[in-house]
Structures are given as C-alpha cells and as structure tokens.
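For reference, the chains in residue letters:
Protein chains: 2
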Amino acid sequence: MQEKPLIFITNDDGITAPGLRALIDVVRPVGRVVVIAPDKPQSGTSHAVTMHHPLRLNHINSEPGYDEYSCDGTPVDCVKLAYKIVLDRRPDLLISGINHGSNSSINIIYSGTMAAVFEGAMAGVPSIGFSLLQYKEDADFSGASAYADRIIRKVMSRKLPEGICLNVNIPDVPVSEIKGVRICRQAGGTWLEDFDIRKDPKGRDYYWLKGIFARIGDGEDTDEHALEHNFVSIVPVNFDFTDYPAIEELKRWDFSS
Amino acid sequence: MQEKPLIFITNDDGITAPGLRALIDVVRPVGRVVVIAPDKPQSGTSHAVTMHHPLRLNHINSEPGYDEYSCDGTPVDCVKLAYKIVLDRRPDLLISGINHGSNSSINIIYSGTMAAVFEGAMAGVPSIGFSLLQYKEDADFSGASAYADRIIRKVMSRKLPEGICLNVNIPDVPVSEIKGVRICRQAGGTWLEDFDIRKDPKGRDYYWLKGIFARIGDGEDTDEHALEHNFVSIVPVNFDFTDYPAIEELKRWDFSS
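Going down the list, the sequences are from chains A and B.
Quick note on the working numbering: the first sequence kicks off at 1 and runs consecutively.
Quick note on the working numbering: the second sequence kicks off at 1 and runs consecutively.
Be aware that a few hints might be false.
Copies of the same chain look alike in the list, so a pair counts if it fits in one copy or across any two.
What the hints assert, rightly or not - Straight-line Cα separation of at most 16 angstroms, EDC-like style, residue types lysine to aspartate or glutamate; simulated pairs:
id : residue 1 : residue 2
1  : Lys159    : Glu248
2  : Lys210    : Asp221
3  : Lys84     : Asp254
4  : Lys84     : Asp196
5  : Lys154    : Asp72
Rather than coming from a laboratory, the hints here were simulated on the basis of the structure.
Please work from the sequences and hints to get the whole structure.
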C-alpha cells in the first residue's frame, strides 16, 4: 500500500479560525496531516520570524494520521518548527489558509498566510496559499473549499515549476456562482490609508491604522479583474525579487564617484 | 533659493543603532531630514504591520531641518506614520538602515530594513536600503557611509526606473579595500536552520531559532558573488512577485474538475 502524502497546514488567522478548519477538512481524507498554527491572530505579520525570544509549541490533538499544534510565533515560525522539530521528513505539500480576507494584488506583501507559503517553497516544498474575499468570522467557506480541493489535487498530480508557489484567492459568492479558475498576474494596487488619531486618558495621542484598498490599473489578466468577475485567481509567485530589466538600466549609471 | 530635498530615514535595528546614526550623518548636510525608527530592535519583522493595537509616536529631537521620532511599531509602521501623520508631503527620498548585518540574497524576504524600502517604493518614493555585512554593535560604518553617500547622490540626480527600489549591501572591509559598485541579481540561498531545544524551570521544552546562511548556486552576476569579492552590491527589486513564465505553464493545466 502506498504511503499517504504528508500534508502540512498553517495559517495566519490562528488555530481557532474557521478557515483553517475548512482547509483541514479538505485534505484529511487524502493525506497524513500535520497542523501548526499560531495561537493568536497573526494577520499582517508578513514574513516576520521570531529571533529575540524563544518559541513554545503546544501539541493539542493527536489522532491516527492527524496531529495538531499551536505555537506562540508567526506563520513563518510555524513552518520552521514543522521542518526542524515536528515533521520526520519534508512534507509533500504545504498549504496555508483559508485566509479570512483577500491576499490578492499587493496584499501578498503584508500577508502572513502567503509568507508561510514562500517559506515552504524556499525549502523546495510545493506550497499554496488560499484566501477567501470575506473577513467575517462566519464566512461561508464551501466555495473556497471546493476549489481548494480541486487545485490541491491538480498540484499533487502535476509538478509545480521549480521555485514557484501559488497565491489562490476565491471570490465570496456561492460555489454555483464561481465561474472557474484563472491564472493571473498580481494586480497593481495601494492602500489608501489613514490613522485614527485618538487620545488616551492622560490626553496623549495614539494612532490606529485604517484604510481601504484601491486597485491601480485595470488589466484583464490581473487577479483583481478575475475576482471581480467571480473567477478564482491563481497567481504563480516566486521569491526572486530582482527586477531584471532595471539591471541593464542601472549598469549604465556611473558609480565611480 | 531652492528648497532642500525632504529625506525620510528609518531602520529595523531601532532608534539607538549606530548604523542609523551613520546614515543620518550622511544626509543631514544635504537635506531636510525626518527620522522615525522603532523604539526597539525589529530585525526579522519583514513587512509586518500593526493592526491589532494602536501605535505611539515619540518626538525625541527637533532642530532646524531635522526631526527625530521613535515609534513602538515595525519599520513599515514607521513609513506609514511618516506618510500620514508626520510629513507634510511625500519625501523626495526614503532611506533605510544602515542595517547591522547582510540583507543580500533571500535575506531580503525577512528584512525589516528592506520592507520599509518596499513600503516607500509602493507609494512612488525613490527608496534605498543599506546594509553592512557586520552584525556587531561597534561595526565600522565608514565604508558603508562613503558608498551610501555616493549612491544617494546618484539616485537623486538621476531617476530610478518606475516601481524599482534598491537593495544595497556593503562588504565589511575598510573603505580603501572596497573595489567599487556592482549591479546584481539576488543570489539563491537558504538558511540551514535549527532550533536550540531547551528546558524551562518546570521541565517544559522551548525552542530558540539559530542558523547559518548558505548560498545556492554561484553566478558571477549575484549580490553574494560581488560581496565576496569586496564590491558593494546593488540589486534593483520590485514588488510584483508574479512569475510570468509560470503563467504560461499553468494555463495549460485543466482546472475544470
């Protein structure tokens, strides 16, 4: 009998998030599953890694073919602990999410969900992040789960190109209204942000970040465009941030003085 | 009389870091300078942004043409506070560092120094991160300062290509031994990591991250190669993480079931 694939799961919304439970349910039937997730919400932590203090790992649940841990670090810490402490070998697949809220466009850069995916891919493990365009705790994950299942099976039967991981975003509509999957580029975008300026009981200012996302440009090949038209967007991403065309431009500059 | 350029400075080693002081000294003669830096070390925080609690800003120093603040958030929080609360207009230049330690190769993904640079560039501000290949508190920043000065003057006199920011790393040798500047691509690399497993007074395990960096591949066009040969490396980077060749590959996959 062939050994079941080893699937590692993490997220950035924390161990109690319904989106994490939805993703666990997708893969438990097909794999040996190990979960390590942050013990509290870690959204917006990006690729932060804990170096200045040590980490705790709490073994919460153990059943045949299934283990679940929480950790007091970031999503990237969870991946590092998985690879070095918990798993007896590299997993066959790393999945992260299902995130409560979009990681399309430039949101990828802030995302703890996608940071875990980068960290997985940097070790050569096929890695996918899933995000639903709905922040609510009681979001309906059925459409996201159906497409996560489909995409995971596809990735496990074919091979991802080397150095590539996937950023998958799912529109917040019933599964029957999802029109399919589109392979996209990352849309341009920005956060039109501001800070609430408030006063503490001693009259001193404090600042609380708020903002709304604004898309820049309107290419039909972007993730934002696909999501607006009720398609699941898949953006293949890599962790070589070099801008190759700019190398040629900068080589013409004279840095000798 | 022409107004002096407005230069914003941040870092991830915190407001007291000697590397930050070195960078301030480089630009104070030429610009109106505003510094906002974290009130404690924030290295390894990557692009983390503070959303779950509010931020404090502390105005430490104000002189003609110079203001300095500390903030209890991350480097990216410092940039957002600069743009929205402190500065009366977008700066002409954002510089981050001088980091105590390398941000070459894949270290860029973990770096708070470079996250601030991405955040600056995402708002269209010419942005540069500087890092010295020496972690020590009493590192010699004279070579790094000399080349930071040269590179900053060049960027301010020419225009950076749109959407591009610079990741500058400086070898830890006396300035007389630096051979010049090379425009490079980001080297492949990985952290050969492990955790120290220790026991607390109650006999429970805790885990402390340790590791050494290992370069992957040996291209002569990489930042790692340049630094090993005592050149300053400049990698032009952007924040579109899409892998364009992989789009074509994945479009051939059938996601219809």
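Which holds for lysine 159 with glutamate 248 at a C-alpha limit of 16 angstroms: within a copy, between copies, both or neither?
-> Classified as between: cross-chain Cα gap 14 angstroms, same-chain 33 angstroms, threshold 16 angstroms.
Status of aspartate 221 relative to lysine 210 across identical chains (alpha carbons, at most 16 angstroms) | Result: close neither inside a copy nor across copies, 29 angstroms intra and 42 angstroms inter.
If the cutoff is 16 angstroms on CA atoms, where do lysine 154 and aspartate 72 land: within, between, both or neither? Let me know, please.
-> So lysine 154 and aspartate 72 fail the 16 angstroms test inside a copy (33 angstroms) and across (44 angstroms) alike.
Give the relationship of lysine 84 and aspartate 254 under a CA distance limit of 16 angstroms: within one copy only, between copies only, both, or neither.
-> Intra 46 angstroms, inter 35 angstroms, cutoff 16 angstroms: neither.
Between the shortest in-copy and the shortest cross-copy C-alpha distance, which are at most 16 angstroms for lysine 84 and aspartate 196: within, between, both, or neither?
-> between (41 angstroms within a copy, 10 angstroms between copies)
Checked against the numbered hints listed earlier, the structure breaks hints 2, 3, 5; every other hint is satisfied.
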